[in-house]
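Generate the whole structure from the sequences, applying the supplied hints.
If you read the protein sequences in the order shown, they are chains A and B.
Those letters in the first sequence? Residues 66 to 463, per this note's numbering, in order.
Those letters in the second sequence? Residues 14 to 200, per this note's numbering, in order.
Among the hints, erroneous ones may be present.
List of simulated lysine-lysine pairs, DSS-like, C-alpha gap at most 30 Å [stated by the list, open to error]:
no.	chain 1	residue 1	chain 2	residue 2
1	A	Lys288	A	Lys173
2	A	Lys364	B	Lys81
3	A	Lys173	A	Lys322
4	A	Lys173	B	Lys81
5	A	Lys437	A	Lys173
6	A	Lys385	A	Lys372
7	A	Lys372	A	Lys384
8	A	Lys272	A	Lys173
9	A	Lys342	B	Lys24
10	A	Lys344	A	Lys138
11	A	Lys272	A	Lys342
12	A	Lys272	A	Lys322
13	A	Lys288	A	Lys272
14	A	Lys138	B	Lys95
15	A	Lys342	A	Lys173
16	A	Lys288	A	Lys437
17	B	Lys24	B	Lys176
18	A	Lys344	A	Lys186
19	B	Lys95	B	Lys176
20	A	Lys186	A	Lys322
21	B	Lys95	A	Lys322
22	A	Lys186	A	Lys272
23	B	Lys95	A	Lys344
24	B	Lys176	A	Lys387
25	A	Lys288	A	Lys372
26	A	Lys437	A	Lys186
27	B	Lys176	A	Lys390
28	B	Lys81	A	Lys138
29	A	Lys342	A	Lys385
30	A	Lys385	A	Lys186
31	A	Lys186	A	Lys342
32	B	Lys95	A	Lys390
33	B	Lys95	A	Lys272
No lab work stands behind these hints, which were simulated from the structure alone.
Please read all numbers here as calculations on a predicted model, not as lab measurements.
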Amino acid sequence: MADVILESQPDINADLSSDQIQQQDLQTEEMLVNMGPQHPATHGVLRVVLRTDGEMVLEAVPHIGYLHRCAEKIGETVAPYQYIPYTDRMDYLAGMNNNLAFAQAVEKLTGLEAEITERTKLIRIVFAELNRIASHLVSFGTYGLDLGAFTPFLYAFREREYILDLFESACGARLTYSYITVGGVTDDLPERFVDITREFLDYFEPKVHEYNLLLSHNHIFIKRTANVGVITAQEALDYGLSGPVLRGSGVNFDLRKQPGSGYEDFDFNVPVGQGEKGKVGDCWDRYIVRVSEMLESVKIIRQALDKLDGTEGQETLHKKGKTLKLPADEIYYEIENPRGQLGFFVRGNGSAIPDRVKARGPSFCNLCVTEKVCQDVLLGDVAAIIGSIDVVMGEVDR
Amino acid sequence: MAPEEIAEILKETFGASITDTEFETAHPRVVVTADAWPEVAAFLRDDERLQLNFLRSISAVDYLEDDKFAAVYDLASYRPGKTDSDAWALTNAVAVQVWTDRSDPHIPSVAHVWRAADWHEREAYDLMGVIFDNHPDSVEGLNGFHPRRILCPDDWEGHPLQKDYAFPMEYHGIPAVTELNQTRPIH
Numbered sequence: 066m067a068d069v070i071l072e073s074q075p076d077i078n079a080d081l082s083s084d085q086i087q088q089q090d091l092q093t094e095e096m097l098v099n100m101g102p103q104h105p106a107t108h109g110v111l112r113v114v115l116r117t118d119g120e121m122v123l124e125a126v127p128h129i130g131y132l133h134r135c136a137e138k139i140g141e142t143v144a145p146y147q148y149i150p151y152t153d154r155m156d157y158l159a160g161m162n163n164n165l166a167f168a169q170a171v172e173k174l175t176g177l178e179a180e181i182t183e184r185t186k187l188i189r190i191v192f193a194e195l196n197r198i199a200s201h202l203v204s205f206g207t208y209g210l211d212l213g214a215f216t217p218f219l220y221a222f223r224e225r226e227y228i229l230d231l232f233e234s235a236c237g238a239r240l241t242y243s244y245i246t247v248g249g250v251t252d253d254l255p256e257r258f259v260d261i262t263r264e265f266l267d268y269f270e271p272k273v274h275e276y277n278l279l280l281s282h283n284h285i286f287i288k289r290t291a292n293v294g295v296i297t298a299q300e301a302l303d304y305g306l307s308g309p310v311l312r313g314s315g316v317n318f319d320l321r322k323q324p325g326s327g328y329e330d331f332d333f334n335v336p337v338g339q340g341e342k343g344k345v346g347d348c349w350d351r352y353i354v355r356v357s358e359m360l361e362s363v364k365i366i367r368q369a370l371d372k373l374d375g376t377e378g379q380e381t382l383h384k385k386g387k388t389l390k391l392p393a394d395e396i397y398y399e400i401e402n403p404r405g406q407l408g409f410f411v412r413g414n415g416s417a418i419p420d421r422v423k424a425r426g427p428s429f430c431n432l433c434v435t436e437k438v439c440q441d442v443l444l445g446d447v448a449a450i451i452g453s454i455d456v457v458m459g460e461v462d463r
Numbered sequence: 014m015a016p017e018e019i020a021e022i023l024k025e026t027f028g029a030s031i032t033d034t035e036f037e038t039a040h041p042r043v044v045v046t047a048d049a050w051p052e053v054a055a056f057l058r059d060d061e062r063l064q065l066n067f068l069r070s071i072s073a074v075d076y077l078e079d080d081k082f083a084a085v086y087d088l089a090s091y092r093p094g095k096t097d098s099d100a101w102a103l104t105n106a107v108a109v110q111v112w113t114d115r116s117d118p119h120i121p122s123v124a125h126v127w128r129a130a131d132w133h134e135r136e137a138y139d140l141m142g143v144i145f146d147n148h149p150d151s152v153e154g155l156n157g158f159h160p161r162r163i164l165c166p167d168d169w170e171g172h173p174l175q176k177d178y179a180f181p182m183e184y185h186g187i188p189a190v191t192e193l194n195q196t197r198p199i200h
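What follows is the structure in structure tokens.
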């Protein structure tokens, strides 16, 4: 019975040569694919529309705004110290750094900067660098996850947990801290904080070596990331990239090394992409810059903890920060966030409430390069490229 | 190079296009007319002495009482150190302010000078309503071409950061919450 049906069907390939049949089988057509906004490899609600031809991506257009809350409009309705909790919710993996950027911008504008005590400055550096480690741990873990390596993620979150516990002991919050505020920090360090942090650093430092063994030098991982998504130094500057993405492209630029950053007395290196596994500026370079930066942050925290001795009793001025009046002037101020340069533009009008608050988010600026990099790459590489840029959508959309 | 010196160089080259300078502030800036701005921008980037190769941010500001918008461009020059292992230095940081009328806000786009301006200008149009002419990602609206919106939906009405913005009471059948029941600006 089955034979009869087969025989009755016309043979569509009867007149074609085997070459022609093969070509017909391999023929592809252009297709639009929606990646996101709920795709796990987009780290939040990023939607990328891909124009594909078979496995090749011809064009990738990112669409953002799914998490838009118009945080800048809110900034025009509250006093600076009330705006600190909103900055937490921009880059929610680096709350401390966001608090610090806005607090310092306002302090510079009002002239309060000159009165900030030495102890406050050191505490801020300790927390900013601890948060940098925590943020890079998430980036490291989820990047492995994007590329199919589940285990590093669990290790990274185990270590991050210790940092979150330290933060919790200081301010009670684990993600949205509002600890660093205008004029200082909300409270002095808790008892034994310095000792526990030192213990953590001693525990953490060898772990980075483990990460390198586990993921950085893993053959499959290198195959997925080396020579993929290359951004040249010239392109990186032109597109206004910053942070590990800029340094991965071989540009040795870190705001912490510039005069007036508050890091002048600290001895640390700036890891830069060298093209060790492929070309300079590929995904692996951006990844390894983050992993190496964790060790540099450990160095900075150690030095800051040593300097904290003997500064006990110096007060923080956070109460003064609550009664600030902003002058009728404006400022633009940037700091080095884990993801790049986070800038705040603040314009006052003589009252306590600013006229305009604008945040220049590093994720927002870094994301604009995806359109350029995701041309003529394989579909699987798109996840590798977006992961290596390491965006947090809360801050892209604000 | 100090902002004062940069302003001197610009005044020598462009004369009347540099209408004002402000240095007694935490944010030293040079005021450039909208018409001359793309030319000035290309000069700022390419001139040997300045080399402002990095656009840090574009902040659009609403001056409701003056009936004007301002776009503030924060620029910097990143230069390599003497050897490869030296840190790059940030020099020549300066801001450029471009004014435009509130009723017909047009500023020429500089996305061809710094690619970073692409998204910043789209954001400034979306949230403040400043139209950047000749933007590479433009769409046609009721009043000619404007940059494509970036954060708000494409069919959103108005520009939220304007001081006289009234929050819409309804969007595609979704009602606004009662706390937002205000037709006057927050200030």
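For each hint, the structure was consulted:
1. Straight-line distance between C-alpha atoms of Lys288 (chain A) and Lys173 (chain A) comes to about 47 Å, which puts the hinted pair past the 30 Å bound.
2. For the given pair, Lys364 (chain A) sits about 49 Å from Lys81 (chain B) by alpha-carbon distance, which is inconsistent with the 30 Å threshold.
3. Taken as a hint, the Lys173 (chain A) and Lys322 (chain A) pair is honoured in the structure, with Cα atoms around 19 Å apart against an allowance of 30 Å.
4. Proximity of Lys173 (chain A) to Lys81 (chain B) is assessed by CA-CA distance (about 27 Å); at most 30 Å being required, the pair is judged to hold.
5. For the hint linking Lys437 (chain A) to Lys173 (chain A), the alpha-carbon distance of about 37 Å lies beyond 30 Å, and the restraint is violated.
6. Restraint check for Lys385 (chain A) and Lys372 (chain A): satisfied, since their Cα atoms lie roughly 25 Å apart, inside the 30 Å limit.
7. As the CA atoms of Lys372 (chain A) and Lys384 (chain A) are separated by approximately 25 Å, the hinted pair is consistent with the 30 Å bound.
8. Distance restraint check for Lys272 (chain A) and Lys173 (chain A): the Cα-Cα separation of roughly 38 Å exceeds the 30 Å cut-off, and the hinted pair is therefore not satisfied.
9. With a C-alpha separation of about 49 Å, the suggested pairing of Lys342 (chain A) with Lys24 (chain B) is violated against the 30 Å cut-off.
10. For a cut-off of 30 Å, the pair hint linking Lys344 (chain A) to Lys138 (chain A) is broken: about 42 Å separates their Cα positions.
11. The straight-line distance between the Cα atoms of Lys272 (chain A) and Lys342 (chain A) is roughly 22 Å, inside the 30 Å bound, and the hint therefore holds.
12. Proximity of Lys272 (chain A) to Lys322 (chain A) is assessed by CA-CA distance (about 26 Å); at most 30 Å being required, the pair is judged to hold.
13. The straight-line distance between the Cα atoms of Lys288 (chain A) and Lys272 (chain A) is roughly 23 Å, inside the 30 Å bound, and the hint therefore holds.
14. Under the criterion of a C-alpha separation no larger than 30 Å, the hint pairing Lys138 (chain A) with Lys95 (chain B) is inconsistent with the structure, at around 44 Å.
15. Only pairs whose Cα atoms come within 30 Å are accepted, and Lys342 (chain A) paired with Lys173 (chain A) is rejected, the gap being roughly 43 Å.
16. The straight-line distance between the Cα atoms of Lys288 (chain A) and Lys437 (chain A) is roughly 22 Å, inside the 30 Å bound, and the hint therefore holds.
17. As the CA atoms of Lys24 (chain B) and Lys176 (chain B) are separated by approximately 33 Å, the hinted pair breaks the 30 Å bound.
18. For the hint pairing Lys344 (chain A) with Lys186 (chain A), the CA-to-CA distance comes to about 39 Å; that exceeds 30 Å, so the pair is violated.
19. Proximity of Lys95 (chain B) to Lys176 (chain B) is assessed by CA-CA distance (about 48 Å); at most 30 Å being required, the pair is judged violated.
20. A C-alpha spacing of about 16 Å is found between Lys186 (chain A) and Lys322 (chain A), which places the hinted pair at or below 30 Å, so the restraint holds.
21. Proposed proximity of Lys95 (chain B) and Lys322 (chain A) is supported: the alpha carbons are some 16 Å apart, at most 30 Å.
22. Between Lys186 (chain A) and Lys272 (chain A) the CA atoms are separated by roughly 28 Å; this keeps the pair inside 30 Å, and the hint holds.
23. Between Lys95 (chain B) and Lys344 (chain A), the direct Cα distance comes to roughly 23 Å. Compliance with the 30 Å bound is thereby established for this hinted pair.
24. Between Lys176 (chain B) and Lys387 (chain A) the alpha-carbon distance is near 25 Å, which keeps this suggested pair within the 30 Å criterion.
25. Using a Cα cut-off of 30 Å, the hinted pair Lys288 (chain A) and Lys372 (chain A) is violated, with the two alpha carbons roughly 44 Å apart.
26. Proximity of Lys437 (chain A) to Lys186 (chain A) is assessed by CA-CA distance (about 40 Å); at most 30 Å being required, the pair is judged violated.
27. Proposed proximity of Lys176 (chain B) and Lys390 (chain A) is supported: the alpha carbons are some 21 Å apart, at most 30 Å.
28. Between the alpha carbons of Lys81 (chain B) and Lys138 (chain A) the distance comes to roughly 18 Å, so the proposed pair stays at or under 30 Å and holds.
29. Proposed proximity of Lys342 (chain A) and Lys385 (chain A) is contradicted: the alpha carbons are some 52 Å apart, above 30 Å.
30. Between Lys385 (chain A) and Lys186 (chain A) the alpha-carbon distance is near 16 Å, which keeps this suggested pair within the 30 Å criterion.
31. Taken as a hint, the Lys186 (chain A) and Lys342 (chain A) pair is broken in the structure, with Cα atoms around 39 Å apart against an allowance of 30 Å.
32. Restraint check for Lys95 (chain B) and Lys390 (chain A): not satisfied, since their Cα atoms lie roughly 44 Å apart, outside the 30 Å limit.
33. Proposed proximity of Lys95 (chain B) and Lys272 (chain A) is contradicted: the alpha carbons are some 35 Å apart, above 30 Å.
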